[in-house]
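This is what each chain is made of:
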Amino acid sequence: MAKYLIGLYDDEDKLLAAVEAIQKQGVPIHEVCTPFPVHGLDQALHLKKSRLPDAAFVYGALGTLTALSMQIYMYTIDWPVNIGGKSHLPFPSFIPITFELTVLFAGVLMFLSYLYVNRLYPGRKARVYDPRQTDDMMVIAISDEKVWDQAKALFQSTGAVEAKIVEL
Amino acid sequence: MFESPIREPLILGRKTYRQITDDLVAPILGPASWKWYLTTAFTAAVMFAGFGAIAYTIWVGIGTWGLNKTVGWAFDITNFVFWIGIGHAGTLISAILLLFRQRWRMAINRAAEAMTIFAVICAGLFPIIHMGRPWLVFWFLPLPNTHGSLWVNFNSPLLWDVFAISTYFTISVLFWYTGLIPDLAMVRDRAKPGSFAHKLYSILSFGWTGTAKQWQRFEAVSLVLAGLSTPLVLSVHSIVSFDFATSILPGWHTTIFPPYFVAGAIFSGFGMVLTLMIITREVLNLKDYITLEHIDAMAKVTLATGMMVGFAYATEFFIAWYSGSYWERYIFLNRAFGPYWWSYWAMVSCNLLIPQVFWFKKLRRSPWFVFIISIFVNIGMWFERFVIIVTSLHRDFLASSWRMYAPTWVEVTILVGTFGLFLTLYLLFARYLPVIAAAETKSILKTSGDQYAGLSWEAYQAQKRQGAISPALQPTMNPNHPQS
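Sequences listed follow chains A and B, in order. Counting with my numbering, you get residues 13 to 180 for the letters of the first sequence. Counting with my numbering, you get residues 12 to 495 for the letters of the second sequence.
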C-alpha cells in the first residue's frame with residue numbers, strides 16, 4: 013500500500029499548464045492519468061519516445077524472412093512438385109504470402125509487446141486513483157510525501173477541482 | 012486555434028466529457044429493453060436455421076446444393092466474396108481515415124471495425140463448408156503430413172486467400188481490441204465495485220488506468236496498426252480477386268479485377284455501415300454523435316466508390332470488345348442480355364444508377380432515405396458477385412455443356428443464416444461493448460464539439476441567415492478555446 017497526493021483537473025489545457033508549473037517548482041510527478049490521449053502531455057512530462065514502432069519494423073522483417081524461407085524450403089528444396097512445368101522458385105507467387113506474414117508478425121508481436129511494456133493482461137488489478145480518471149477527470153499523482161504541502165498549494169493555484177490523499 | 016465554420020461540428024448537444032461517458036455507458040450497464048431480447052432471439056433463430064442447413068450440407072453432401080458440372084462455384088463463393096467485401100469499410104474507416112486525419116471516423120470506427128470482424132467470420136464459413144469434408148480444413152495449412160510431406164501449392168491464389176483472410180481477421184481483432192481497452196476501463200470504473208459487470212470489465216480491460224505513458228504507447232501502436240492495415244485491406248480483396256483473375260476463364264481473366272474488387276468492397280462495406288449505423292443511432296439514442304454530417308460523409312464515399320465500380324463495368328465491356336476475343340465478347344454480351352440479364356441489370360441499377368441520388372445534399376442528409384439506398388447497395392453488391400461468378404461459368408467453351416444454375420433451399424437458408432449470425436453478433440456487441448470509441452471522441456471534443464467548433468453551429472446559421480457572414484467563409488477566432 014502506497015499513499016499518493018492526487019490533484020483532479022477537469023480540463024486538459026489546465027492540466028498541461030499545471031504539469032508545467034509543478035515541474036518548474038521541482039516537484040516530482042509520479043504519474044498523470046487521463047481519460048483520453050492529451051496531446052503535448054508526453055512532451056510536458058519529458059517522456060521518451062516509444063520504441064514500439066521500431067520493434068514493429070523488426071517484427072515485420074522477421075515475418076518477411078519467415079515467409080520467404082518457409083516457402084522456398086517447402087516448394088523449392090524439400091519437395092519440388094512439377095505443376096505444368098512451372099518454376100520451382102516462382103518468386104512472384106511467393107509475394108502475397110510474404111506480405112501477409114510480414115503484416116501478421118508485425119501486428120501480433122507489436123500488440124503483445126504493447127501489452128507487455130504496459131503490464132496489461134487479463135486479470136490484472138487496475139490501480140485506479142479515482143474512478144473518474146477514465147471518465148472526465150485528469151489526475152496528477154505525487155508520491156513523495158515531503159513535497160505534498162507544496163504540491164497541494166500548486167494544485168490549488170493551477171485550478172485543480174479537488175486535491176486529496178489516496179491509498180492504493 | 013483557427014476553425015473554419017464550414018466544418019460542421021461532429022459532436023452535438025454541447026456535451027461534456029461526463030455526458031459522453033454517460034451516453035455510452037448507459038446502454039451497457041442499464042437493463043436491456045424487451046425489444047433487444049426479441050430482436051436478438053429472432054436473429055439467433057435465423058442463425059441456428061443457417062447452422063442447421065450447414066449441418067445438413069455436411070451430413071448429406073454438396074449434392075444438396077444446386078451446383079452442376081458446369082457451374083461448380085456459385086452461391087457459396089458469391090456469399091464469401093460478399094461478406095469479405097462488407098468487412099472492408101471497417102478497416103477503411105479505422106485505418107485509412109486515421110492516416111488521413113479524418114475526425115468524422117471517430118463516431119463510427121468502433122462499430123465498423125466490429126462489423127469487419129463479424130463479416131469475416133461469416134465469410135470464413137463458406138470456403139470451409141464448400142470443401143464438402145470440412146474436417147480436412149487443416150490441409151490448407153503448410154503442415155508436415157503423412158503424404159511424404161507434400162506441401163501446399165504456393166502458386167495457388169486460393170492458398171494466398173487462406174493467409175490473407177486469417178491475417179486480416181487477426182489484425183482487425185487486435186486493432187479493434189487496442190481501441191477497446193481504454194473504453195472497457197471506463198465501463199469498469201462506472202460499474203458498481205463487486206458487481207458482476209465490474210469483475211467482467213476488469214478482466215476485459217486488462218488493468219488499464221490511462222497513464223500518460225500508456226496513452227503515448229497507445230497512440231504509437233494505433234498509428235502503426237493503421238499503417239499496417241491500410242495495405243492489408245487493399246491486399247485482401249486484391250487476393251480475393253486473384254481467385255478469379257488468375258484463371259483463364261473469359262469474364263474472370265481480367266487485369267482490372269484487383270482495383271475493381273477493392274472499390275466494390277469499400278462500396279458494399281459503406282452500404283452496410285450506413286444500414287446498421289442509421290438504426291444504431293436511432294435505437295441507442297446516439298444522434299448527437301452519429302450526426303447528419305457523418306451520414307453525409309459516408310454517402311459521399313458511397314457515391315464515389317459506386318461510380319468507380321460503374322466505371323469498371325464500362326471498362327470491362329470496352330476491353331471485351333477491344334480485345335477482339337470472340338469468347339470474351341460473348342461472355343459480356345451474355346451477361347447483359349443472356350438468361351441472367353436480370354441479375355446484371357439489378358447490379359447496374361443498384362450500384363451505379365441508384366446511388367446517383369447522393370449528388371443531392373438534401374437526400375444525403377435524410378437518414379431514412381439514405382437507409383433505403385444503403386439496402387439497394389447491399390443487394391446490388393451481392394448481385395455483382397453473383398453476376399461475375401455464375402454468368403461467366405454457366406455457358407462455357409462447349410455449347411453442349413451449357414447449364415443453368417439455381418440455388419436450392421439449403422443454399423438460401425445458409426445465406427440467410429449468415430445474416431442471422433452477423434446481426435446476432437452485432438446485437439451482442441451493441442449491448443455489451445461501447446459502440447462509439449469514447450476516449451477518441453473525448454479527445455476531439457474541443458475541436459469538434461458544437462460549443463467549440465468555430466462559431467457554434469446555430470450561431471453560424473443564424474448569422475448566415477441574416478447575411479452577416481460573407482460567403483468567403485473566413486476562418487473565425489474561437490472565443491471558447493483557451494489556446495486561441
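Some hints could be false.
A short, non-exhaustive set of chain B residues, derived as facing chain A with CB atoms under 7 Å [unchecked claim]: (1) Phe180; (2) Ile182; (3) Gly218; (4) Gly221; (5) Gln225; (6) Arg376.
Coverage of chain B stretches by chain A, computed from C-beta distances (three or more under 8 Å per stretch; other residues unrestricted) [as the list claims (entries may be wrong)]: (7) 57–63; (8) 66–74; (9) 129–138; (10) 205–215; (11) 229–235.
Calculated lysine to aspartate or glutamate pairs in the DMTMM-like style (CA-CA distance at most 20 Å, straight line) [stated by the list, open to error]: (12) Lys210/B <-> Asp142/A; (13) Lys36/A <-> Asp25/A; (14) Lys203/B <-> Asp142/A; (15) Lys61/A <-> Glu339/B; (16) Lys224/B <-> Asp161/A; (17) Lys61/A <-> Glu157/A.
Simulated from the structure, these hints should not be mistaken for laboratory data. Heads up, the beta-carbon is just placed ideally off N, CA and C, and yes, glycines get one too.
Each hint tested on the structure:
Interface restraint check: Phe180/B against chain A, minimum CB-CB distance 10 Å, threshold 7 Å, status violated. At a threshold of 7 Å, the smallest CB-CB gap from Ile182/B to chain A is about 5 Å, leaving the interface hint in force. Interface hint status for Gly218/B: upheld, as the beta-carbon distance to the closest one in chain A is roughly 3 Å, under 7 Å. Annotation: Gly221/B was flagged as interfacial toward chain A, and the flag holds, the nearest CB pair being 5 Å apart, inside 7 Å.
Checking Gln225/B against chain A: minimum C-beta separation of about 5 Å stays under 7 Å; hint holds. Taking 7 Å as the C-beta contact cut-off toward chain A, the hint placing Arg376/B at the interface is violated, the least distance being around 29 Å. Note: the segment 57–63 of chain B has 0 residues with beta-carbon separation from chain A under 8 Å; the three-residue rule is not met and the coverage is violated. Counting residues of the segment 66–74 of chain B whose beta carbon lies closer than 8 Å to any beta carbon of chain A gives 0, which falls below the threshold of three, so the coverage claim is violated.
Look at the segment 129–138 of chain B against chain A: 0 of its residues bring a Cβ nearer than 8 Å to a Cβ of that chain, fewer than three, so the hint is violated. Only when three residues or more bring their CB closer than 8 Å to a CB of chain A does the claim for the segment 205–215 of chain B stand; here the count is 3, and the claim holds. Residues of the segment 229–235 of chain B lying with their CB closer than 8 Å to a CB of chain A number 6, which satisfies the three-residue condition for coverage. Straight-line distance between C-alpha atoms of Lys210/B and Asp142/A comes to about 17 Å, which keeps the hinted pair within the 20 Å bound.
Simply put, Lys36/A and Asp25/A have alpha-carbon atoms about 17 Å apart, close enough for the 20 Å limit, and the pair holds. At roughly 14 Å between alpha-carbon atoms, Lys203/B and Asp142/A fall within 20 Å of each other, so this suggested pair holds. Note on Lys61/A and Glu339/B: the hinted pairing is violated, with a Cα-Cα distance of about 57 Å set against a maximum of 20 Å. A C-alpha spacing of about 26 Å is found between Lys224/B and Asp161/A, which places the hinted pair above 20 Å, so the restraint is violated.
Simply put, Lys61/A and Glu157/A have alpha-carbon atoms about 29 Å apart, too far for the 20 Å limit, and the pair is violated.
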